[in-house]
Each structure stands twice: as C-alpha cells, then as structure tokens.
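Protein chains in written order, with numbering that gives the first Met the number 0: chain A, 0 to 334; chain B, 0 to 334.
Treat the hints as calculated values from the structure; they're not laboratory data.
Everything numeric in this text was worked out from a predicted model, so none of it was measured.
Treat the hints with caution; some may be incorrect.
It does not matter which identical chain is used: a pair holds within one copy or between any two.
[To be verified] Below, computed lysine to any residue pairings styled on SDA-like, alpha-carbon distance capped at 20 Å:
1) Lys86 <-> Glu319
2) Lys86 <-> Tyr185
3) Lys72 <-> Ser243
4) Lys86 <-> His129
Listed below, chain by chain, are the residues.
2 protein chains.
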Amino acid sequence: MPELRKDPLHERWVIVSLERGRRPSELSSPRRVDPCPFCPGNEHLTPPEIAADREPGSLPNEPGWHVRVFPNKFPALCIEGDLRWRKRDLFDQMEGVGAHEVIVETPHHDLRTSEMPEEQLQRVIRMYRHRVADLYRDPRLQYVLVFKNCGPQAGASLQHPHSQVIATPVVPHEVQEELDSSRRYYQFTGRCLYCDLIEREVERGERLVYRDEHFVAVTAFAARFPFETWIFPRAHRACFAQISEEEVAGLAHVLRTVWERLDWIADRPPYNYLIHTAPRERDCMLERSFHWHLELIPRITRTAGFEWGTGFFINPISPEEAAGLLRGDGGRASR
Amino acid sequence: MPELRKDPLHERWVIVSLERGRRPSELSSPRRVDPCPFCPGNEHLTPPEIAADREPGSLPNEPGWHVRVFPNKFPALCIEGDLRWRKRDLFDQMEGVGAHEVIVETPHHDLRTSEMPEEQLQRVIRMYRHRVADLYRDPRLQYVLVFKNCGPQAGASLQHPHSQVIATPVVPHEVQEELDSSRRYYQFTGRCLYCDLIEREVERGERLVYRDEHFVAVTAFAARFPFETWIFPRAHRACFAQISEEEVAGLAHVLRTVWERLDWIADRPPYNYLIHTAPRERDCMLERSFHWHLELIPRITRTAGFEWGTGFFINPISPEEAAGLLRGDGGRASR
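Just need the whole structure built from these sequences, with the hints factored in.
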C-alpha cells in the first residue's frame with residue numbers, strides 16, 4: 000500500500016509508493032515495454048477499462064476505441080482502503096488512498112498533440128471532463144489532477160500519447176496556494192483574480208499568445224520555464240467539469256494552435272501540461288474566486304540546486320520575448 | 000539586467016535572466032567549453048577572483064590555488080544596482096540585484112565529492128563559511144544559498160567540480176517555510192524543531208544513515224527523491240557561518256562517508272546539495288528556533304506533470320529502505 004507523508008518542515012506531501020519501486024540502478028531508466036500496451040489489440044495488457052469513447056457496437060477491452068481509460072498498472076495511489084491519518088512524534092502520515100488512471104488519447108502510437116486532429120482532441124477533453132466529474136463523486140477524494148507527460152525528459156515512461164489522472168485525499172499545496180491567493184483577492188476587491196489577470200493581459204498584449212471568444216493563452220508573467228504558457232477560459236468557472244461543449248471545441252483549438260507554434264519554435268520539446276480545477280469541497284466564495292485553467296510547461300531547461308533550495312526559478316527567456324516567438328511576430332505586442 | 004518577478008498566484012519568485020539566454024534550440028544542451036576555464040592555467044578565462052585558498056607566495060588569478068572563487072560569468076543576478084521594487088497592476092517586480100559566484104573546489108578536473116581527500120573538502124567548507132559571512136555584510140542581500148550541481152541531469156553545465164553561491168534580495172519561499180514552521184514550533188514548545196527532530200531520528204534509528212559527535216545524517220521522513228538525505232549539526236546554530244573548526248572537519252567526514260555509500264549504491268548518480276542557513280535579518284527567536292542544515296538530493300527520478308501541478312512528490316523507495324541501503328545493513332535499524 001502506498002503511503003502519504005507530510006514533511007515536518009514544509010507544507011509538502013510525498014507519496015511513498017513501493018509498488019512502483021525497482022532497484023536503485025533501474026530507477027533512472029524508463030521501463031522497457033514491448034509490445035506497446037496502449038496500442039489497439041493489446042488491451043489485455045492493461046487493467047480492465049473504466050471508460051472509453053468507442054465505435055458503436057465495439058466491446059470493452061477490445062479495439063474500436065478512440066479514447067480509453069483504465070487504472071494505472073503501477074498506481075501511485077490505490078482506490079481501496081481507509082485513510083487512517085495518524086501522527087507519531089513529528090511525523091504525519093496516512094494510507095495512500097486515491098485514484099491513478101491512464102487516459103490513452105488515440106489509437107495511434109506516435110502522434111504529438113500538435114499533430115492530433117481537433118476532433119480527436121475534443122474527445123480527449125470530453126474524457127477529462129468525465130473523469131473529473133466521476134472521481135469527485137467519491138467523498139474520500141479531495142482533489143483531482145489531470146496531467147500529461149510527453150517525452151522521457153518530462154517523466155513519460157511510454158511513448159504512446161496518454162494523459163493521467165491522479166485523485167488525492169488532501170488538497171495539494173500548489174493548488175491551495177492558488178485558492179488562498181484568489182480568495183484573499185476576492186475578499187479585498189470583490190472580483191476574481193483570474194478574470195482581472197486575463198483582462199490585464201489582453202489589454203497589455205505583451206504576453207498574449209492567442210485569444211478568441213472562449214480562451215486566452217498567455218506566457219506567465221513570472222514563468223518558471225521558457226515558454227511556460229497558461230490557458231484560461233474567458234467565462235468564469237471554478238471547476239473544469241463545468242466546461243461547455245462550445246468550450247471543448249475552443250480548448251481543442253487553442254491547444255492545437257499553441258502546440259503547433261511551440262513545436263516549431265522549440266523543436267518538439269518534451270513537456271508537461273496540467274489542469275488546475277477547484278477541489279471537491281467548495282463554498283460559495285470559492286466558486287466565485289477560483290477560475291480553472293491549464294498550465295503548459297515545456298521542459299527545455301533543467302532544475303538544479305538553486306531551484307530546489309529556494310523555490311526560486313531561473314528563466315533564461317523573458318515571457319514577453321517567448322510570447323512574441325509564439326505569436327510569430329518577433330515580440331511586437333499584439334492588441 | 001536580470002529581473003526578479005513575483006507570481007501573482009503563488010508565493011513564487013522567478014529570475015528572468017537574459018544574460019544567460021541563448022536561442023531556444025540551444026537551451027537544453029550544456030554549453031560546450033574547451034579548454035576548461037576552471038582548470039589551473041586557465042584563470043584568465045574566468046572573471047577575476049574574489050577569494051582563494053592558495054599556496055603561500057602564489058599570485059591571484061594564477062595557478063597555485065586549492066580552492067578559487069570568482070563571479071559567475073553568466074550571472075543569474077548582478078551585484079550592481081538598486082532594487083527598485085515596483086508593482087504595476089497585478090505584477091510585482093524588481094531589478095535582479097544579488098550575487099552569483101562560482102567556487103572551484105579543486106584543481107583536479109575530474110573528481111567526485113566521494114573521491115576528494117577530507118582535507119580538500121575542509122578547504123571547500125571553509126570557503127563556503129567565508130563567502131556566507133562576507134556576503135551577509137551587504138545590507139541589500141537578504142539570503143545566501145550555497146549549492147552544488149553535479150552531472151548534466153542535475154543542471155551542471157561544466158564538469159570540473161564546483162559549487163555556486165547565489166545571494167538574493169528577498170528570502171526565498173522554501174526557506175521562509177522552514178523559518179515559519181520552526182518559529183511556530185518554538186513558540187508552542189519552547190524548543191528547536193530541528194533539535195527535536197534529530198533526537199527523535201537518533202532514538203528511532205530507522206532513517207539514520209550516520210551519526211557521530213558533531214553530525215547526524217538521516218533520510219528525510221517525507222523524502223521527495225530516492226535517497227534524499229539531510230545532514231544536521233548536533234550543536235544548535237542558526238547560521239552556517241558560525242560553524243566551528245571542529246565541525247568543519249566533522250562535516251567533511253560525514254559528506255565523504257555519505258557520498259561514498261551513495262555512489263556505490265546508486266552508481267554515481269547526478270546530484271544537488273544545498274545548505275539552508277538563517278537569513279541576514281534575525282531576531283532572538285530566529286536564532287533559537289532555526290538550525291542550519293545541508294540537504295542532499297540525488298537526481299535519480301524525474302519530476303513530471305503531477306509534481307509541478309501539485310507540489311506533491313512521488314518517491315519509489317521508502318526512506319527507511321534507503322537508509323538501510325546507505326548504512327549497508329539492508330534496513331535493520333541502527334541505534
């Protein structure tokens with residue numbers, strides 16, 4: 000059983016997950032898997048599916064799917080069990096209860112997000128919505144994170160395009176910080192911090208990468224990584240599961256547009272993306288103050304001792320220059 | 000001029016440092032430098048030295064040194080200038096004032112910490128002490144971090160053994176969290192959290208890697224990374240610059256001991272280490288509640304979307320198992 004532990008010196012949770020463990024010398028290399036368990040025809044190599052977007056008439060755990068979801072074979076957290084939160088001396092720990100799912104995004108083994116038809120991206124986004132809504136029905140799960148690792152340097156152990164979902168029994172620190180700062184801002188101003196940020200970025204234009212009726216993409220003002228880009232829905236909603244059908248199409252379009260540019264500029268970099276949504280338990284003020292969004296992190300630079308020791312990051316490209324390159328106008332502010 | 004920016008959604012500072020910038024396609028590969036600017040005889044290839052531990056009679060910026068310090072040629076922060084902290088709309092920023100130095104640890108191009116004679120490690124530690132004390136004389140610098148990156152995967156751009164020092168005009172978030180948690184603990188109990196942690200770890204023994212009269216090394220209870228190890232001085236002192244001559248010898252010995260074991264178990268992994276010391280401005284309670292320490296982070300696993308999205312970490316080896324391997328007794332608690 001995995002275990003959740005809280006650091007006595009920091010607001011930091013760690014999952015100690017021995018089921019994933021291998022010998023120390025093996026930890027740094029990706030698992031070798033042949034044949035690919037995510038390809039059609041190899042469904043028996045994965046745990047039984049939880050959900051799928053399928054051709055009419057096709058059967059579960061057989062080919063005929065467009066998008067397929069199953070539990071991670073090497074889960075960081077396990078769905079069975081009770082939390083049993085306990086503290087002994089200075090040490091907080093609980094059982095590693097939660098969910099860890101894999102969403103295979105396409106039957107094709109070798110497609111980047113930038114190469115996926117928008118229709119297929121829409122199917123993937125609808126599956127994200129379904130999984131977030133479904134996992135929030137379990138009262139033990141306080142937070143659901145949808146994320147993607149692409150490329151071994153970004154932590155992907157398999158090449159076949161896939162996203163992951165991890166649901167945790169506590170609200171993660173990184174998310175809690177966003178909830179707290181947007182709540183404080185709301186209490187002070189009566190407005191959503193994200194809505195104000197979007198308005199300011201569209202007005203100033205210097206970090207704007209893309210905008211249309213439904214979405215805005217900007218490089219982050221204090222980007223940790225070169226080309227770090229945040230995608231915001233223009234309509235204020237706290238939870239990603241509330242995304243409308245129109246927005247599903249809009250998100251597919253902005254994702255595909257930003258990725259095409261990024262792949263062109265940075266030569267198909269490894270990347271992570273993740274969706275920050277509201278936690279399970281929400282009061283009225285959280286609904287008004289928090290605004291779901293997607294963060295895209297190209298993994299071009301490496302983190303080192305300074306970053307781990309301070310929480311500071313060093314970014315060698317200014318967010319304004321990065322936005323100019325992503326817009327393709329060499330840095331002139333688009334308004 | 001580099002720039003410090005604060006994220007409007009998180010307590011997170013970023014250094015945007017264009018002097019370090021190269022074309023996007025070049026950012027991921029280490030700089031190629033030939034000949035090595037850190038080798039004896041090539042002193043003219045570095046900025047003029049700030050300090051050195053030298054043979055009697057040898058001249059600055061010439062061979063004859065054991066340890067040599069100079070400003071980083073590609074500094075993340077610059078020593079000249081005023082902060083000019085300003086806020087416009089939602090965006091906090093200031094000039095990137097600070098210090099960024101390189102400490103070349105040995106004239107030998109190709110030595111790991113585990114292979115360095117303890118006498119040489121002592122010279123390095125004395126230089127750390129000198130640089131921390133010296134930089135804290137500048138009232139603009141609020142925090143000094145000494146750290147080391149070893150191996151390209153750990154962010155080192157040059158192979159020749161070297162550490163770095165970065166002094167920042169604000170106290171980093173990661174350090175502030177430690178200051179806050181130890182202050183709260185002190186207010187509640189009247190004791191130092193670190194002293195209590197050391198006592199508990201020595202008593203329990205399951206995460207103990209090494210101990211002697213002056214130092215204790217333990218794997219962290221909530222280790223983010225496999226084999227993450229913390230080294231604590233047993234004598235309570237807030238600032239690393241207060242390290243005694245006896246402790247210099249003790250720290251050299253514990254460093255060398257832990258590294259030898261780590262290199263053996265994990266096959267000479269890339270790693271970072273860093274020293275957390277007290278900030279420049281201290282009141283009486285900070286002196287009593289904070290306890291300097293060294294954190295060692297082997298870079299065996301990779302961080303991915305889940306870690307960036309949550310601040311959680313997934314560790315595939317339990318800290319108790321890691322401590323057993325580092326002790327060489329296969330996991331039996333040593334007391």
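Tested hints:
{"no.": "1", "hint": "Lys86 <-> Glu319", "in the structure": "between (47 Å within a copy, 17 Å between copies)"}
{"no.": "2", "hint": "Lys86 <-> Tyr185", "in the structure": "between (34 Å within a copy, 19 Å between copies)"}
{"no.": "3", "hint": "Lys72 <-> Ser243", "in the structure": "neither (32 Å within a copy, 51 Å between copies)"}
{"no.": "4", "hint": "Lys86 <-> His129", "in the structure": "neither (35 Å within a copy, 40 Å between copies)"}
This entry does not satisfy hints 3, 4, going by the numbered hints stated previously.
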